[in-house]
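*Asks:* For reference, the chains in residue letters:
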Amino acid sequence: GAVVSQHPSWVICKSGTSVKIECRSLDFQATTMFWYRQFPKQSLMLMATSNEGSKATYEQGVEKDKFLINHASLTLSTLTVTSAHPEDSSFYICSARGERGNTEAFFGQGTRLTVV
Amino acid sequence: AQSVTQLGSHVSVSEGALVLLRCNYSSSVPPYLFWYVQYPNQGLQLLLKYTTGATLVKGINGFEAEFKKSETSFHLTKPSAHMSDAAEYFCAVSSNSGYSTLTFGKGTMLLVSP
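Going line by line, the protein sequences match chains S and R.
Under my numbering, the first residue of the first sequence is numbered -6, with each subsequent residue one higher.
Under my numbering, the first residue of the second sequence is numbered 70, with each subsequent residue one higher.
Think of the hints as simulated: they come from the structure by calculation, not from any bench.
Keep in mind it's a predicted model, so treat the numbers as computed, not measured.
One or more hints might be untrue.
[As the list claims (entries may be wrong)] Straight-line C-alpha distance at most 27 Å; calculated DSS-like pairs for lysine-lysine: (1) R:LYS118 <-> S:LYS59; (2) R:LYS175 <-> S:LYS34; (3) R:LYS138 <-> R:LYS175; (4) R:LYS118 <-> S:LYS57; (5) S:LYS34 <-> R:LYS118; (6) R:LYS118 <-> R:LYS175; (7) S:LYS59 <-> S:LYS7; (8) S:LYS59 <-> S:LYS34.
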């Protein structure tokens, strides 16, 4: 299957700083990328959907100014957690879907964010 | 609107025993159905998917699932559990549109004992 690489796999940051997480599709062009948040022992919660070259569509209750998503190319999307606070600590996972209405989305390995 | 219900947050089996993880869905349009596996601190790996055609779908690692429209179910099975199958399993549904998003169930943790 296609490969989606997410970086970093874990990060610790101080409260008030910003953290950027990258999601790359390594061997296909990802027209659509998704960002999820997963709390311990819970399911994945969709945060936003981004299409290359356009603004991300955020799910209800997700602060767009806090979770900045950029999908500037067909192989890269970034999620920036701005002014991070301890409650932002979580596991963030991206997934990417290719062109032509492909039914399968491929997932990155996730990023464990800890804000101290 | 779509939704997924996974019955049982934890399922325990002995090594070599049958694995059955239950998934029921709700969808107003013909669904696409997926099972994913997640190991600790990792992303999701696709086990199998149903889109159209044969209702019995075979996936990786010996898993299979059967789409039963009349029961709105897509249960995951494996004849003989292996210790390496211990992980979290997520059932997901999307509409039969190539650009729809996935809706996940809450997950079922599979525990395998020797």
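*Asks:* So which of those numbered hints doesn't the model satisfy?
*Replies:* Going through the list in order, the structure violates hints 1 and 4 and respects the others.
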